[in-house]
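> These are the residues of each chain, in order.
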Amino acid sequence: MRYLYYPGCSLKSTGKSYEESLLAVFKALKMDVVEINDWNCCGATAYMAVDETKAFAIAARNLALAEEQFNKEEEIHVIAPCSACYMVLLKTKMFLEQNLAEKGRIKNALKESGLNYEGKVKIRHPLDVLVNDIGVKEIAKAVTHPLKGVKVASYYGCQTVRPYSTFDDQREPHTMDDITAAIGAESVDWPLKTRCCGASLTGTIDRVGLPLSFMILKEASKRRADVVSTSCPLCQFNLECYQDNMNKQFRNDIHIGVVYFSQLMGLALGIDPKTLGMNRLFVPPENVYKIMKGGEKVYV
Amino acid sequence: MPNPEKKEKKFEPKIVAFFCNWCTYTAADLAGVSRLKYAPNVRVIRIMCSGRVDPQFILQAFASGADGVLIGGCHPGDCHYSEGNYKMLRRFRLLQRVLKVLGIAEERCRLEWISASEGDKVKTVINDMVEKVRNLGPLSIPAKMSDIDEEIKELEKEINREEVPQHA
Amino acid sequence: MSNTNGNGTIKGITPRIGFYICHCGHNIAAMVDVEKVQKFVASLPGVVVSRDYKYMCSDPGQELVQKDIKELKLNRIVVASCSPLLHEHTFRRAVEKAGLNPFFFHMVNIRENVSWVTDNREQATAKANALARAAIQRVFFHKSLETKKVPINPDVLIVGGGIAGIHAALTIANAGKHVYLVEREPTIGGHMAMFDKTFPTLDCAACILTPKMSSVKNHPNITLWTYSEVEKVEGFVGNYKVNIKRKPRYVIEELCVGCMDCIDACIYKEAKYPDEFNQGLSKRKPIYIPFPQATPQVVLFDPETCIDFKSHRCKKTCIEACDRKAIDLKQVPEYKEINVGTVILATGFKTYDAEKSPQYGYKKFPNVFTSLEIERIVNASGPTNGEVLTKEGNIPKSVGIIHCVGSRDEKAHKWCSRVCCMYSLKLAHLIKEHTGAEVYNFYIDMRTPGKGYEEFYDKLMNEGVHFVRGRVAEVTDWALIPEEEHKLTIRVEDTLIGVVRRIPVDMVVLAVGMEPREDAQDIRRMFNISCSTEGFFLERHPKLAPVSTFTDGIFIAGGCQGPRDIPDSVAQAGAAAAEALSLISAGSIELEPNTASIIESFCSGCKSCIPLCPYSAISFNEGTKKAVINEALCKGCGTCVAACPSGSIIQNLFEDEQIFSEIDGLLKFAGIELEEMEVVNA
Numbered sequence: 001m002r003y004l005y006y007p008g009c010s011l012k013s014t015g016k017s018y019e020e021s022l023l024a025v026f027k028a029l030k031m032d033v034v035e036i037n038d039w040n041c042c043g044a045t046a047y048m049a050v051d052e053t054k055a056f057a058i059a060a061r062n063l064a065l066a067e068e069q070f071n072k073e074e075e076i077h078v079i080a081p082c083s084a085c086y087m088v089l090l091k092t093k094m095f096l097e098q099n100l101a102e103k104g105r106i107k108n109a110l111k112e113s114g115l116n117y118e119g120k121v122k123i124r125h126p127l128d129v130l131v132n133d134i135g136v137k138e139i140a141k142a143v144t145h146p147l148k149g150v151k152v153a154s155y156y157g158c159q160t161v162r163p164y165s166t167f168d169d170q171r172e173p174h175t176m177d178d179i180t181a182a183i184g185a186e187s188v189d190w191p192l193k194t195r196c197c198g199a200s201l202t203g204t205i206d207r208v209g210l211p212l213s214f215m216i217l218k219e220a221s222k223r224r225a226d227v228v229s230t231s232c233p234l235c236q237f238n239l240e241c242y243q244d245n246m247n248k249q250f251r252n253d254i255h256i257g258v259v260y261f262s263q264l265m266g267l268a269l270g271i272d273p274k275t276l277g278m279n280r281l282f283v284p285p286e287n288v289y290k291i292m293k294g295g296e297k298v299y300v
Numbered sequence: 001m002p003n004p005e006k007k008e009k010k011f012e013p014k015i016v017a018f019f020c021n022w023c024t025y026t027a028a029d030l031a032g033v034s035r036l037k038y039a040p041n042v043r044v045i046r047i048m049c050s051g052r053v054d055p056q057f058i059l060q061a062f063a064s065g066a067d068g069v070l071i072g073g074c075h076p077g078d079c080h081y082s083e084g085n086y087k088m089l090r091r092f093r094l095l096q097r098v099l100k101v102l103g104i105a106e107e108r109c110r111l112e113w114i115s116a117s118e119g120d121k122v123k124t125v126i127n128d129m130v131e132k133v134r135n136l137g138p139l140s141i142p143a144k145m146s147d148i149d150e151e152i153k154e155l156e157k158e159i160n161r162e163e164v165p166q167h168a
Numbered sequence: 001m002s003n004t005n006g007n008g009t010i011k012g013i014t015p016r017i018g019f020y021i022c023h024c025g026h027n028i029a030a031m032v033d034v035e036k037v038q039k040f041v042a043s044l045p046g047v048v049v050s051r052d053y054k055y056m057c058s059d060p061g062q063e064l065v066q067k068d069i070k071e072l073k074l075n076r077i078v079v080a081s082c083s084p085l086l087h088e089h090t091f092r093r094a095v096e097k098a099g100l101n102p103f104f105f106h107m108v109n110i111r112e113n114v115s116w117v118t119d120n121r122e123q124a125t126a127k128a129n130a131l132a133r134a135a136i137q138r139v140f141f142h143k144s145l146e147t148k149k150v151p152i153n154p155d156v157l158i159v160g161g162g163i164a165g166i167h168a169a170l171t172i173a174n175a176g177k178h179v180y181l182v183e184r185e186p187t188i189g190g191h192m193a194m195f196d197k198t199f200p201t202l203d204c205a206a207c208i209l210t211p212k213m214s215s216v217k218n219h220p221n222i223t224l225w226t227y228s229e230v231e232k233v234e235g236f237v238g239n240y241k242v243n244i245k246r247k248p249r250y251v252i253e254e255l256c257v258g259c260m261d262c263i264d265a266c267i268y269k270e271a272k273y274p275d276e277f278n279q280g281l282s283k284r285k286p287i288y289i290p291f292p293q294a295t296p297q298v299v300l301f302d303p304e305t306c307i308d309f310k311s312h313r314c315k316k317t318c319i320e321a322c323d324r325k326a327i328d329l330k331q332v333p334e335y336k337e338i339n340v341g342t343v344i345l346a347t348g349f350k351t352y353d354a355e356k357s358p359q360y361g362y363k364k365f366p367n368v369f370t371s372l373e374i375e376r377i378v379n380a381s382g383p384t385n386g387e388v389l390t391k392e393g394n395i396p397k398s399v400g401i402i403h404c405v406g407s408r409d410e411k412a413h414k415w416c417s418r419v420c421c422m423y424s425l426k427l428a429h430l431i432k433e434h435t436g437a438e439v440y441n442f443y444i445d446m447r448t449p450g451k452g453y454e455e456f457y458d459k460l461m462n463e464g465v466h467f468v469r470g471r472v473a474e475v476t477d478w479a480l481i482p483e484e485e486h487k488l489t490i491r492v493e494d495t496l497i498g499v500v501r502r503i504p505v506d507m508v509v510l511a512v513g514m515e516p517r518e519d520a521q522d523i524r525r526m527f528n529i530s531c532s533t534e535g536f537f538l539e540r541h542p543k544l545a546p547v548s549t550f551t552d553g554i555f556i557a558g559g560c561q562g563p564r565d566i567p568d569s570v571a572q573a574g575a576a577a578a579e580a581l582s583l584i585s586a587g588s589i590e591l592e593p594n595t596a597s598i599i600e601s602f603c604s605g606c607k608s609c610i611p612l613c614p615y616s617a618i619s620f621n622e623g624t625k626k627a628v629i630n631e632a633l634c635k636g637c638g639t640c641v642a643a644c645p646s647g648s649i650i651q652n653l654f655e656d657e658q659i660f661s662e663i664d665g666l667l668k669f670a671g672i673e674l675e676e677m678e679v680v681n682a
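Protein chains in written order, with my numbering: chain A, 1 to 300; chain B, 1 to 168; chain C, 1 to 682.
Keep in mind the hints are simulated off the structure, nothing from the lab. Hints are supplied without guarantee of correctness; some may be wrong.
Claimed, not checked - With a straight-line Cα cutoff of 20 Å, these simulated EDC-like cross-link-like pairs (lysine to aspartate or glutamate) come out:
{"no.": "1", "chain 1": "B", "residue 1": "121", "chain 2": "C", "residue 2": "534"}
{"no.": "2", "chain 1": "C", "residue 1": "356", "chain 2": "A", "residue 2": "172"}
{"no.": "3", "chain 1": "C", "residue 1": "487", "chain 2": "C", "residue 2": "392"}
{"no.": "4", "chain 1": "C", "residue 1": "232", "chain 2": "C", "residue 2": "552"}
{"no.": "5", "chain 1": "A", "residue 1": "91", "chain 2": "A", "residue 2": "52"}
{"no.": "6", "chain 1": "C", "residue 1": "149", "chain 2": "C", "residue 2": "579"}
{"no.": "7", "chain 1": "A", "residue 1": "218", "chain 2": "C", "residue 2": "485"}
{"no.": "8", "chain 1": "B", "residue 1": "123", "chain 2": "C", "residue 2": "534"}
{"no.": "9", "chain 1": "C", "residue 1": "363", "chain 2": "A", "residue 2": "169"}
{"no.": "10", "chain 1": "C", "residue 1": "487", "chain 2": "A", "residue 2": "219"}
{"no.": "11", "chain 1": "A", "residue 1": "218", "chain 2": "C", "residue 2": "484"}
{"no.": "12", "chain 1": "C", "residue 1": "356", "chain 2": "A", "residue 2": "189"}
{"no.": "13", "chain 1": "A", "residue 1": "103", "chain 2": "B", "residue 2": "131"}
{"no.": "14", "chain 1": "B", "residue 1": "37", "chain 2": "C", "residue 2": "119"}
{"no.": "15", "chain 1": "A", "residue 1": "107", "chain 2": "A", "residue 2": "52"}
{"no.": "16", "chain 1": "B", "residue 1": "10", "chain 2": "C", "residue 2": "119"}
{"no.": "17", "chain 1": "C", "residue 1": "363", "chain 2": "A", "residue 2": "189"}
{"no.": "18", "chain 1": "A", "residue 1": "222", "chain 2": "C", "residue 2": "484"}
{"no.": "19", "chain 1": "C", "residue 1": "232", "chain 2": "B", "residue 2": "83"}
{"no.": "20", "chain 1": "B", "residue 1": "37", "chain 2": "C", "residue 2": "122"}
{"no.": "21", "chain 1": "B", "residue 1": "10", "chain 2": "C", "residue 2": "122"}
{"no.": "22", "chain 1": "A", "residue 1": "222", "chain 2": "C", "residue 2": "485"}
As the list claims (entries may be wrong) - Simulated restraints on C-beta separations:
{"no.": "23", "chain 1": "C", "residue 1": "458", "chain 2": "B", "residue 2": "35", "range": "48 to 56 Å"}
{"no.": "24", "chain 1": "C", "residue 1": "414", "chain 2": "B", "residue 2": "37", "range": "20 to 28 Å"}
{"no.": "25", "chain 1": "B", "residue 1": "37", "chain 2": "C", "residue 2": "231", "range": "43 to 51 Å"}
{"no.": "26", "chain 1": "A", "residue 1": "204", "chain 2": "C", "residue 2": "501", "range": "24 to 32 Å"}
{"no.": "27", "chain 1": "B", "residue 1": "37", "chain 2": "A", "residue 2": "111", "range": "31 to 39 Å"}
Remember, predicted model here, so these are calculated numbers, not experimental data. We treat Cβ as the ideally placed atom computed from N, Cα and C, and that holds for glycine.
Working from the sequences, and respecting the hints, build out all of it.
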């Protein structure tokens, strides 16, 4: 099966290492993945609040481009790794299915730029594709450097499994934990898998956002996680880059690596850390490296 | 959105339905009791079992001017009479081939398994079928038949004219 | 194709049709222009009189028909009203009383099939016109028919020995009829036997149930087969043949007196295996009795755990201990075949599997219990002898009861399980009484409809039980503040004060809802009845036939029909028993005369029909080389009729000519196209 890949803005900027590691993992698993030509911003959550129709039209353009590019396929699978993009594209697809009048209006808008949208597109999250299409067995088979002894706190964030997505349990998601097990690491059982990281508030109104991020990291450390694994560029950014601010504000000493699940997968598949964009991390996951080298863990 | 072209009278398909007493007819009653609204184009004939549906009934319905025929029976394994629905399914598959040869589109004749609790399904199936048949347009076999009758009369006249000298 | 000539005479018969359209108050008249339909039908050939009336099913409505039959010499009657499944019998009886054969009557469904499902008056009226026209055309071909009577075997089978099955069995047995009560478990009593107290009276469940259980055991009219399952059902109302499998207990029921010496003698000195009756909270031995008051008082072996079944190397101390020689380790299943006239299904329910709602942490946190587990824990004969303790063995200082687990939830079951609010109140009372703990009830809506139920709620509020209105988001061991350490924190939006609260507790009780049993679908197939969307057995009519099913002679009672409490189950069981008894005392039942028969002169003897009949009602007469239908065996499905290549089989009430004319009537009438007719009558 062929897949189209919709990067969205984050994976080309702050979340560059997500793209690097994900594409490297796809390649290692021999998946056929092509980037959508001439894709545009998904509209994110902000535009929806300003003008819904225009926001849907913008997002629908990407769906139409996918149909144009893969016009011979019966069903077109578009992988959207960023949680926000995934949620917006999924919402757009579902909204157009349920709202025929709006669909007509948006089809007219697309027609102006010579595009058409039929509804053949399926929006997929990489976790969904890896677990349900490739399968944990295949992943486990491809592992060359199992992360034995590494304790991973899987953090899904809010938009990967909610509100429209159906590939995982919305209350107790497990796909990332399934992958964690497949690469030989150990999942930490913790209740904050889908708790809000603070989203845009961590950077803007930090008295609201920062405590939310802090609670997550504190609980992960308390449960002896070596690393927090994420599937969203904003979650990763919030949890990793503000650790100094958190420590200052809450008089604490948190120091825990926050990486993309694809980076951990890449390490287990024997891909070199630089290809996985690990050099871009602000807080390198020291414990993971130490365990992989056979050293002792250090808890701070 | 006002559309001046759509002023002309919309084609309303006529669909004859055969519903089995135990499952689908009961489901239609349930749809009624639940006040589900669906397209009024389907007219139901109650039979005891979908196994009672003679292919002739379906052909007769088309011949009398139906644009579609819907048959509703119990789900496989649930037939009140053990397996009447399987018998119908077999007949239906054969009839589909006949209908294809006659040039009657596949969507015009539909077999559905609807259990007594599936009032919703009665609604969705009927709405879906009405929409599909509406898109196909009228079948109007009676009109076509009278055209053919006219043609045959003309042909007969011609044949008679040619035959006259021989008898003379 | 046209079956009638324009003036309404066929084959020399001149039908005199009376047509009646019902307003059904506003139910039909609001959406169908009944007057228009009445006038339209009046103009149709063969129709002598056409009337509309407010309520056709009422006595004056029926008298209207009867008067017309006598005065106008009508010989065909068509009534357009509700579904024939509801009132066909009513009108047939009315017609018969007026001296006309009831099968000259036909019913048109313009309520369930038209007025209730259409939102356009014009279209609804047109549809009603077409359906009425089809019926008018159909009744031309109706014939006089005789109904067939079948005798009712007075024996009754009751499946399920919970409170519903027990009550139904005793009611019927007390009326002097014989009952076979079949129960899957080794004892009767069902869920009720597991409860400690019953709401709202706080009667001890065992005290009110066990006398009934022993009456069942000792009743001369009841054959009690526990640890048995129905395997096969054949036949029809009045005469069902049922095969029952009696699973081996490895103990001879007639000899065992329940002294339990064998249990003491078992080479396992300690009980090691989870006790099903106590929800796995205590242990039992491989030879056991489910609970002290089990009925019958007979021990049984669990071959899965007994050493002798696994290795054949046990010392068999149990056999030595039994002085009545009741143990037989070579016992094999016993198969019984019984004939009964009616069946009552009281197969009960299952509680929702709380693990399916992972946010509440069942099986993840040891101190999260289901309500059924707590029922056992508070019970004096339960695993802790009635002491409410956490898994660590401490008396809880605070307990949270979460309502609606698996109920009123889009992700689990949409329905309200009806009993959970009340049993949660009961458990709150009992826990508080046993431990003095602070008890919190987390509810969405408090549902206490029932005699004395609201008063019970009131009493609980005065007892100082806390009530928090809101669906609980999660139960977590994630401590935000020191007070939450080593506790379970219940996170909930308190919708009355509009804040999210975190309430730390020592013990959580999940008020799990009721759902159909896993094998409800198998049972349904076996007895040829239907299930509703949720999977509970479907009643014939939700209001007017709540314990009947679409299969004559099969009745349902208790939790298998939907969530209900003990008083409702008992009431339903009584109703089902009364329905069965009414059939038995009538002695026979009239069957619909819709059987098939063969016109011998047309039959070519091709035998195509013979293998089609699921009841083997068709045979081949080697002498005449013709097929023969045994009408006593025919159930009237009509499959053979549709398959006969020479058209030599006819089905009463569903004759080819009747259906062809119905088809024609729906689309056109007597050769006239539908549109033309509508123009004529415009």
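> If a hint holds in the structure, say so; if it does not, say that too.
Cross-check of the supplied hints:
no., hint, result
1, 121(B) to 534(C), "holds (15 Å)"
2, 356(C) to 172(A), "holds (10 Å)"
3, 487(C) to 392(C), "holds (12 Å)"
4, 232(C) to 552(C), "holds (17 Å)"
5, 91(A) to 52(A), "holds (11 Å)"
6, 149(C) to 579(C), "holds (18 Å)"
7, 218(A) to 485(C), "holds (14 Å)"
8, 123(B) to 534(C), "holds (18 Å)"
9, 363(C) to 169(A), "holds (17 Å)"
10, 487(C) to 219(A), "holds (16 Å)"
11, 218(A) to 484(C), "holds (15 Å)"
12, 356(C) to 189(A), "holds (17 Å)"
13, 103(A) to 131(B), "holds (18 Å)"
14, 37(B) to 119(C), "holds (7 Å)"
15, 107(A) to 52(A), "holds (15 Å)"
16, 10(B) to 119(C), "holds (17 Å)"
17, 363(C) to 189(A), "holds (13 Å)"
18, 222(A) to 484(C), "holds (15 Å)"
19, 232(C) to 83(B), "holds (17 Å)"
20, 37(B) to 122(C), "holds (15 Å)"
21, 10(B) to 122(C), "holds (15 Å)"
22, 222(A) to 485(C), "holds (12 Å)"
23, 458(C) to 35(B): 48 to 56 Å, "violated (37 Å)"
24, 414(C) to 37(B): 20 to 28 Å, "holds (21 Å)"
25, 37(B) to 231(C): 43 to 51 Å, "holds (45 Å)"
26, 204(A) to 501(C): 24 to 32 Å, "holds (28 Å)"
27, 37(B) to 111(A): 31 to 39 Å, "holds (33 Å)"
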